[in-house]
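Enquirer: The lines below spell out each chain.
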Amino acid sequence: MIMIMQLKRVKRVFFNGLYFSIVFVVAFVIATQALTRKVNTYEMTKKPLFFSIEKERMTISNSVTGRVAVVAVNTGQHVQKGDLLVRLEDDSLDQKMNSLSALAKENLSAKTELALIQAKASDYEIVAPRDGVVYQIQAAEGSYLNMNSPVIILFADSNVKVSGTINQEQYMEIQKNKDLDVYSTRFEQIYKISFEGVGRVQPATSAEESRYEVKFRFSDANEGAAFIDGESMEAVSKNTNNEAMRPSVRVAKLWNSLIIGN
Amino acid sequence: MYLHGKFMNMNLKHFFNENHITSSKVLSTTTIFLFAAPLVIFLYGSFVFNPANADNILLYVIQVIADVISIMALLGLWVTVLLDVIVESHHRSHRVIANSFLIEKQPTVDVFITTAGEPIDIIRKTVTAAVFMEYPHETFVLDDGQSDAVKSLAYQLGVQYVSRNNRLHAKAGNVNNGLRHGRSEFFAIFDADQVPKKDFIINLLPYMNNAKLAMVQSPQYFANTHSFIAAGTSQAQEVFYKYVCPAKNISNSAFCVGTNMIFRRSAIDEIGGIAENNSEDIWTSYLLHEKGWHTLFVNEILAIGEAPATIVSYFKQQRRWAKGGLDMLLNNNPLRSKKLNLDQRMQYFISNTYFLVGISILAYLMFPILYLLFGVKPLNTDDGWSWALHYIPYFALYYMLSWLFLGRLYLATLSTAVASFYPYILALFSVVFETEQEWVATTSKKAHEDVFMKWVWPHVFIIILSLLSLVVGWYEPKNFWTAMFNTVWVVLNTYLLYLFLTGEKRMSKISISTDY
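Going down the list, the protein sequences come from chains U and G. Read in order, the letters of the first sequence correspond to residues 1 to 262 in the numbering used here. Read in order, the letters of the second sequence correspond to residues 1 to 516 in the numbering used here.
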C-alpha cells in the first residue's frame with residue numbers, strides 16, 4: 001500500500017518535472033531565437049551607413065568643326081559661368097572671312113555672308129554654362145575636332161545630390177522624418193540633407209533583405225559645391241547617445257568605470 | 001409529515017428577517033462605473049478600431065478580436081448594472097410575505113443532495129443541515145460516488161439513500177434518478193459542499209405562490225475565503241450574485257446556478273427532467289424559459305458553500321461553467337431562439353459570451369511579451385501620449401472592477417481572473433472540437449490527484465517567457481518608453497500569475513465577515 005502511494009508520488013513528481021522541462025526548454029528556445037535575431041539586426045543597423053556625393057556632370061561639346069587653338073583651363077580648376085574654356089579655329093573660314101571682308105564694301109551679298117560667318121564666330125569660343133569644376137579636358141591644343149565631340153566635362157556646383165542604398169527599416173525611418181544628418185570626415189562637419197526620392201528598389205530575396213536606392217539634396221543648396229563627386233559621407237544616427245553604444249562596449253565601459261573609477 | 005402540526009403553530013414572522021448579501025444601496029463607485037464605462041470604452045475603441053493605428057497586421061487582427069470580446073463583456077456588465085440601478089422594483093428581490101401559502105396549501109418538498117466522491121466530513125455537514133431545515137421535507141442523498149460511508153451516513157441520519165450503477169450525464173442524471181424516488185410538488189438541490197441554513201425552505205418556498213414560477217434561486221456564498229484562490233473566486237462570484245443575477249429578474253431570465261434553489265416539480269417534468277448534459281444548470285433554465293415559465297433570483301444568503309481552494313479544482317469548475325455557456329452559444333445560439341423574448345435572448349447571450357474573454361486575456365498577456373521578444377506590436381504606439389491616453393483608462397477600469405462594484409480591491413481577485421484564461425480556452429476547444437471531459441465535483445478527492453503541471457503549464461510558460469523577454473527586450477531597446485510600458489505590463493501580469501500559482505499555500509488577507 002505504502003509502495004503504491006510512493007509510486008504514485010514518484011510518478012506525479014516525474015510528470016510535473018517533465019511538463020516543466022518541456023515548457024522551460026520551449027520558452028528558452030524562443031527567447032534565444034529572439035535574442036539572436038535582435039543582436040543580428042542590431043549589428044546590421046549599427047554598421048556605419050555611407051552615402052556618396054553625386055554632382056551633376058556636364059559634358060560640353062563643340063557645335064562647329066575646327067582646330068583647338070587655346071585650352072584656357074586646367075583640370076580641377078574652378079570656373080564661373082561664362083568663363084572661356086576652349087577656343088577653336090578654322091583656317092579655311094579665316095581665309096574666307098578675309099576675302100569676304102575685302103569684297104564686302106562693294107558686294108552686298110558678300111557683306112551678308114560675312115555677317116553670317118561673324119555671327120557664327122562665337123561658336124568657336126566654348127564657355128562654361130554654369131559654375132563648376134573642370135573634371136576632364138578631352139581636347140589637346142592643335143588637335144582637330146569634329147562637330148559634336150565632347151570637349152570638356154564639368155561638375156556643376158549647384159544641384160548636388162547625396163545618394164546611397166539603405167534597407168527597408170531605414171527607408172521607413174526616412175519616410176517618417178525626411179531630414180538626415182551626414183558627417184563629412186574631410187571637413188569634419190555635419191551637414192543636413194533632406195530626402196528627395198527613391199530610385200531603384202531591389203526586392204527582398206531569401207538571402208538578402210530589400211534595398212532602396214535613395215537620393216537626398218542638401219538642405220542648404222550652397223553647401224554642396226565644396227564636395228567632390230563620389231566623396232563619401234557617413235549617416236549620423238539620430239540617437240547618438242548611450243543607447244546606440246555597442247553592448248560589448250557598454251559592458252567594457254561599465255567595467256572600466258568600476259575598476260578605474262571613471 | 002408529523003412536523004406539520006408543529007409548524008402550523010409557529011409564528012413565522014421571525015423567519016422573514018433581513019438576510020441580504022449586502023444592503024440594497026448602490027455604491028457611489030458603481031455610479032462612477034456607470035458614467036465612466038461608456039466614455040472609456042469609446043475612448044479606447046476610437047483608437048483601437050481605427051485601422052490607421054495598426055502596426056503588425058496579424059497582431060492587429062487578434063487585438064481587434066480580443067477587444068471586441070472584452071468590450072462586449074464590459075458593455076454586457078454595464079447594461080446589466082444599469083438595469084439594476086434604474087429599475088427600482090426588483091432591487092429588493094420581490095420580497096413576498098406569502099406565508100399563508102405555506103400554511104394553507106402546505107406544499108410538499110424534497111431535498112436532494114448530490115454527491116460524487118466528496119470527503120465524508122463535508123457531506124455529513126451538508127446532510128445534517130439539510131435534515132434540520134425548518135418546514136417538513138424529505139431529504140435524499142443522491143450518491144454518484146457509490147460510497148459505503150455515505151450510505152451508512154444516510155442511515156444514521158435517517159435520510160433516503162439513492163444510488164445508481166452508472167454515472168451517465170453526471171449531476172443531471174443523478175438528479176433525474178433522484179426524481180424517480182421523490183414524490184413532492186417541489187424539490188431543492190444542494191451540492192455536497194453547500195450547507196443550507198435552517199430557514200432555506202421557509203424563505204424561498206413562499207415565492208412559489210406564483211403558479212407560473214418554476215424556480216427560485218438563492219446565491220452561492222463562500223465561507224472559506226481565508227485561502228487565496230477561494231477568496232479570488234468568491235469575490236468574482238459576489239459581483240455576479242450582487243449585480244448580475246438580480247438584474248436578470250427584470251427580464252425574467254434569472255438562471256439556475258446548479259445548487260441552492262427550489263424547483264417546481266411539474267415544470268421540470270414538463271421539460272422532461274433536468275437537462276442532461278454537463279452544464280445542466282443553464283440548460284434547464286433555458287428550457288424552462290422557452291416553455292414560458294418564470295424564474296426568480298432571491299438575493300439572500302441561505303446556504304454556505306465552499307469555493308474551490310485548489311488551482312485544479314478551480315480550473316475544473318471554471319471549465320465546466322465555461323463549457324456550458326460556450327456550448328449554448330455555439331450550438332444553440334440564444335439570440336436565434338424564437339421562444340424567448342428579446343430581453344431573455346440578450347441576457348443569455350451576455351452570459352454565454354462572457355466565457356470568450358479567455359481569448360482576450362491570453363492575447364493581452366502575450367502582446368507585451370511578443371513586443372519585448374520580437375519587437376512586433378499590434379498598434380502603432382510611437383505617439384506615446386495619445387496612445388496612453390486611450391489605453392490606460394480602459395485597462396484601469398478593468399483592473400478596478402471589483403473596487404467599483406464591491407468597494408474593495410484585492411490582488412486575489414485580479415490574480416484568479418487573469419489566470420482563468422486557460423480553463424476558458426480549454427472549454428472553447430472542447431466545445432469546438434466536441435471532445436468529452438469527465439465531470440468532477442468541485443471538492444471531490446479525485447481533483448487533487450491530477451498532475452499539477454498539466455493544468456498550469458501555460459502559466460508557467462508565460463512566467464518563464466516573461467522573465468526571459470525582459471532580458472531580450474532591454475538589449476538595445478528601440479524605443480525606451482514603449483519598452484518601459486511593456487515591461488511594467490509584463491511584470492504586473494507575471495506577478496499576478498505568480499501569486500495565483502503559489503496561491504494554494506498562501507492565506508488570503510481577506511476576512512469577509514461570516515456573521516450569518
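Bear in mind the hints are in silico, worked out from the structure with no lab data behind them. Be aware that a few hints might be false.
Stated by the list, open to error - If you want the footprint, here are the derived chain G segments under chain U, 3+ residues with CB under 8 Å: (1) 111-121; (2) 262-276; (3) 492-501.
As the list claims (entries may be wrong) - If the Cβ cut is set under 10 Å, some of the chain G residues that face chain U in the computed set are: (4) I32; (5) F35; (6) L157; (7) S184; (8) I250; (9) M453; (10) L465; (11) V471; (12) R506.
A virtual CB, placed ideally from N, CA and C, is assigned to each residue, including glycine.
Enquirer: Against chain U, is G/R506 within 10 Å by beta-carbon distance?
Expert: This hint is violated: G/R506 lies away from chain U, its Cβ roughly 19 Å from the closest one there, beyond 10 Å.
Enquirer: Take the shortest C-beta to C-beta distance between G/I250 and chain U; is it under 10 Å?
Expert: Violated. Min distance 46 Å.
Enquirer: Against chain U, with CB atoms and a cut of 10 Å, does the hint on G/L465 hold up?
Expert: holds (5 Å)
Enquirer: The stretch 492-501 of chain G covered by chain U? Criterion: 3 or more residues, Cβ-Cβ distance below 8 Å.
Expert: violated (count 0)
Enquirer: Minimum Cβ distance from G/S184 to chain U below 10 Å?
Expert: violated (44 Å)
Enquirer: Grab the minimum C-beta distance from G/M453 to chain U and call the hint holds if it beats 10 Å, violated otherwise.
Expert: holds (4 Å)
Enquirer: Double-check G/L157 for me: the hint is only fine if its C-beta lies closer than 10 Å to a C-beta in chain U.
Expert: Constraint on G/L157 not satisfied, violated at 31 Å.
Enquirer: Against chain U, is G/V471 within 10 Å by beta-carbon distance?
Expert: G/V471 check passes; min Cβ-Cβ to chain U is 7 Å, inside 10 Å.
Enquirer: State whether the coverage of the stretch 262-276 of chain G by chain U holds or is violated, taking the criterion as 3 or more residues with Cβ-Cβ distances under 8 Å.
Expert: Check failed, 0 qualifying residues.
Enquirer: Can you verify the interface hint for G/F35: is its Cβ closer than 10 Å to any Cβ in chain U?
Expert: Violated: closest Cβ of chain U sits about 39 Å from G/F35, beyond 10 Å.
Enquirer: Can the hint on G/I32 be confirmed by a CB-to-CB distance to chain U that is less than 10 Å?
Expert: Result: violated, 40 Å to nearest chain U Cβ.
Enquirer: Can you confirm whether chain U covers the stretch 111-121 of chain G, using C-beta to C-beta distances below 8 Å and requiring at least three such residues?
Expert: Violated - the stretch 111-121 of chain G has 0 residues with a Cβ nearer than 8 Å to chain U, which falls short of three.
Checked against the numbered hints above, the structure violates hints 1, 2, 3, 4, 5, 6, 7, 8 and 12; every other hint is satisfied.
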